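**Q** Read off the chains here:
Number of protein chains: 2
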Amino acid sequence: MKRIRVVSVGLGPIGMAAARLALSKHSIEIVGAVDPDPQKVGQDLGTLLGQKECGIVVSPDASILYAEQKPDAILHCTSSFLTRVKDQLFQAVESGINVISSSEELLMPSHSQPDLAIELDRKAKETGVTVLGTGVNPGYAMDFLAIVASAVCFDLHGVRCTRVVDAGTRRLPLQQKVGAGLTVEEFKARQEGGGFGHIGMTESVALVGDTLGLKLDTIEQSLEAVLAEKEHVTEFLTVAPGRVAGIRNIGEGRRDGELIVRLDLTMAVGSDNPRDVVEILGEPPVRMQIDGGIPGDQATAAILVNSLHGVVEAGPGLKSVAEVPPPRIAR
Amino acid sequence: MKRIRVVSVGLGPIGMAAARLALSKHSIEIVGAVDPDPQKVGQDLGTLLGQKECGIVVSPDASILYAEQKPDAILHCTSSFLTRVKDQLFQAVESGINVISSSEELLMPSHSQPDLAIELDRKAKETGVTVLGTGVNPGYAMDFLAIVASAVCFDLHGVRCTRVVDAGTRRLPLQQKVGAGLTVEEFKARQEGGGFGHIGMTESVALVGDTLGLKLDTIEQSLEAVLAEKEHVTEFLTVAPGRVAGIRNIGEGRRDGELIVRLDLTMAVGSDNPRDVVEILGEPPVRMQIDGGIPGDQATAAILVNSLHGVVEAGPGLKSVAEVPPPRIAR
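If you read the protein sequences in the order shown, they are chains H and B.
Here the first sequence is numbered in our numbering, starting from 1 and rising by one per residue.
Here the second sequence is numbered in our numbering, starting from 1 and rising by one per residue.
These are calculated hints, taken from the structure and not from any lab test.
Check each hint, because a few of them may be wrong.
Think about it this way: if two alpha-carbon atoms lie no more than 27 angstroms apart in a straight line, the pair counts; the simulated BS3-like pairs of lysine-lysine are [claimed, not checked]:
1. LYS123(H) with LYS40(B)
2. LYS123(B) with LYS2(H)
3. LYS215(B) with LYS25(H)
4. LYS125(H) with LYS125(B)
5. LYS123(H) with LYS70(H)
6. LYS86(B) with LYS40(B)
7. LYS2(H) with LYS215(B)
8. LYS123(B) with LYS70(B)
9. LYS125(H) with LYS2(B)
10. LYS40(H) with LYS25(H)
11. LYS188(H) with LYS123(H)
12. LYS125(B) with LYS2(H)
13. LYS215(H) with LYS2(B)
Sample of chain B residues with no beta-carbon within 12 angstroms of chain H, all distances over it, derived [unchecked claim]:
14. PRO38
15. SER110
16. ILE219
17. ALA240
18. LEU259
19. GLY270
20. THR300
21. GLU313
22. GLY315
Computed from a prediction, not measured in an experiment: that's the story for all the values here.
Don't be surprised by glycine CBs; every beta carbon is placed ideally from N, CA and C.
Construct the complete structure from the given sequences, taking the supplied hints into account.
**A** Here it is, written out as structure tokens:
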């Protein structure tokens, strides 16, 4: 079996988890790692991961690595936003390297930046590589699974997804990210500053709408605080009754005013019955549930690594998760 | 949008359902239909389907149609068995036409006929077409969904799928196929003659094992009668207590004697709690359930039609459902 040769680009929490997982796989060979952080540059990737040395030294410069190593793909985990990752993506594509990225906006870049999507697709076809944005959400729980569930239908007129995450069982940064423990006033002040929000919600709605031919004409989202009804104590913090337990983020896609796609995400400390539910309103109707819900950051790292084979096998261009062979555990 | 030009090959119940569905889709154009049955040859496909004429006359001869119409793909629904469909598959592939087939053994032809699989793959690559066997089971419920569920895992050591179909809500041929109403003696006599059995169970085990890198060394299946505990009355027949209500078919894949993959299928009149459940034994564990279960024959027709885009887009060769873009509703 030919191993997939990979450079890890971006060594934040997701990038580190993805690199750790990739290092454990026989079918994948990490041949380089890139991060601009001076604390990381020059260090051995294995050491950084708290493991034994692996002989891969973190470099600040992707271009030299790409030229020297000619990897099959990069595992790209630097930023959620297209404006920040754009140059990094083109650099890889122009070097003839497939891209798999955790950038949430790259799930469906035509949604926010149609010109960029066209240019990225054109360039990827020119150099014969595939570019894919994915993760657990967006990329799997509230979009890919709905697309896959539609396969058994003759007809389909709507999609409803519900994802409930008990943030209390997750790491501190997630609990902070959803505002757990804040007062309502603190939450509102931070919300006005743009400090909250699951990124990628509108991209998920757009991807579901586009892939399933639902011809949405408006896509909107709302975000509100979920308040604690009783005290919740996590490993890291305590949420008093009446304080913010987390967020509820709803994405809606409509056609002629009619609600067609509704994605309903709750991430809050103490959420009851964490789960992922996909409901297809169609013929036949389909209701798919994952008990307990899919874990977040860890699953994103898994999905990135488990999508590598699909990205390498797929034809060239900017692709969505619906357009490449499905992710499955890498070995 | 370029429409996918399709020839329907085989107009039994599944082929008819697939043709009816394909005719309703804007993205698909049926350009021919083939069946050897003298009762069908010369008839308009629309008339045969109980609809208005569609201008497609059923032909007994695929070769002329292939040469004249040069379709993008065939919807192939003639037989479960490779020995019977082999020549039909090569005929299409040699004509440069993509194949999507309901043949259960084609889900994983290397399982029963490795030489044929190699030859089919070689020829498909030579002529630049894709060959895919799929359906609801095998092809989706007890294999594809397990593969897709594995995507969120770091590690995985086993797969369990349970599919329970209430045959009492299905059409008469299915109730008969599972032996509903027979005595135990009648069931055993027919079983010895090879008259029962879901086809494709061992193929599903093999596909899951191979795709998820589980290195199975033995694959076996068992089939037994499910007996009615109380009377069941369906639209078509009555099953007295103690008589056969249906079948239970279990496929098991082992490595060094250890049970790794277990697919447990019950199709019986009066089955409680019909459902599809996929359980991934891994890190993290995953449990995915479809309430009520996925309907059978109708869903197979849907999945065939809904896989057309993936087969047309995929690179050439003999592919499995894990190697092409996932099925999703066609429009």
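**Q** Give a verdict on every hint.
**A** Going through the hints against the structure:
Using a Cα cut-off of 27 angstroms, the hinted pair LYS123(H) and LYS40(B) is violated, with the two alpha carbons roughly 50 angstroms apart. Distance restraint check for LYS123(B) and LYS2(H): the Cα-Cα separation of roughly 23 angstroms lies within the 27 angstroms cut-off, and the hinted pair is therefore satisfied. The suggested pairing of LYS215(B) with LYS25(H) holds, with an alpha-carbon distance near 15 angstroms, which does not exceed 27 angstroms. The straight-line distance between the Cα atoms of LYS125(H) and LYS125(B) is roughly 21 angstroms, inside the 27 angstroms bound, and the hint therefore holds.
Restraint check: the Cα-Cα separation between LYS123(H) and LYS70(H) comes to about 18 angstroms, which is no more than 27 angstroms; the hinted pair holds. Restraint check for LYS86(B) and LYS40(B): satisfied, since their Cα atoms lie roughly 23 angstroms apart, inside the 27 angstroms limit. With a CA separation close to 17 angstroms, the supplied pair LYS2(H) and LYS215(B) stays within the 27 angstroms bound. Among the hinted pairs, LYS123(B) with LYS70(B) is consistent with the structure: their alpha-carbon atoms are about 18 angstroms apart, no more than 27 angstroms.
For the given pair, LYS125(H) sits about 19 angstroms from LYS2(B) by alpha-carbon distance, which is consistent with the 27 angstroms threshold. With a C-alpha separation of about 23 angstroms, the suggested pairing of LYS40(H) with LYS25(H) holds against the 27 angstroms cut-off. Of the pairs offered as hints, the one joining LYS188(H) and LYS123(H) is violated, with about 42 angstroms between alpha carbons and a cut-off of 27 angstroms exceeded. As the CA atoms of LYS125(B) and LYS2(H) are separated by approximately 19 angstroms, the hinted pair is consistent with the 27 angstroms bound.
Between the alpha carbons of LYS215(H) and LYS2(B) the distance comes to roughly 17 angstroms, so the proposed pair stays at or under 27 angstroms and holds. Even its closest Cβ contact with chain H, about 30 angstroms, leaves PRO38(B) beyond 12 angstroms, as expected for a residue assigned away from the interface. Every beta carbon of chain H lies more than 12 angstroms from that of SER110(B), the smallest distance being close to 16 angstroms; the non-interface claim holds. Listed as a non-interface residue, ILE219(B) keeps its Cβ farther than 12 angstroms from every Cβ of chain H; the least gap is roughly 19 angstroms.
The Cβ of ALA240(B) sits about 31 angstroms from the closest Cβ of chain H, beyond the 12 angstroms cut-off, so the non-interface label holds. Listed as a non-interface residue, LEU259(B) keeps its Cβ farther than 12 angstroms from every Cβ of chain H; the least gap is roughly 18 angstroms. GLY270(B), annotated as away from the interface, keeps every beta carbon of chain H farther than 12 angstroms; the closest lies near 20 angstroms. A cut-off of 12 angstroms between C-beta atoms contradicts the statement that THR300(B) is not in contact with chain H; the least separation is 9 angstroms.
GLU313(B), annotated as away from the interface, has a beta carbon of chain H within 12 angstroms; the closest lies near 7 angstroms. The claim that GLY315(B) is not at the interface with chain H is violated, since a C-beta of that chain comes within 12 angstroms of its own (minimum 6 angstroms).
Violation of the numbered hints given earlier is confined to hints 1, 11, 20, 21 and 22; the remaining hints are satisfied by the structure.
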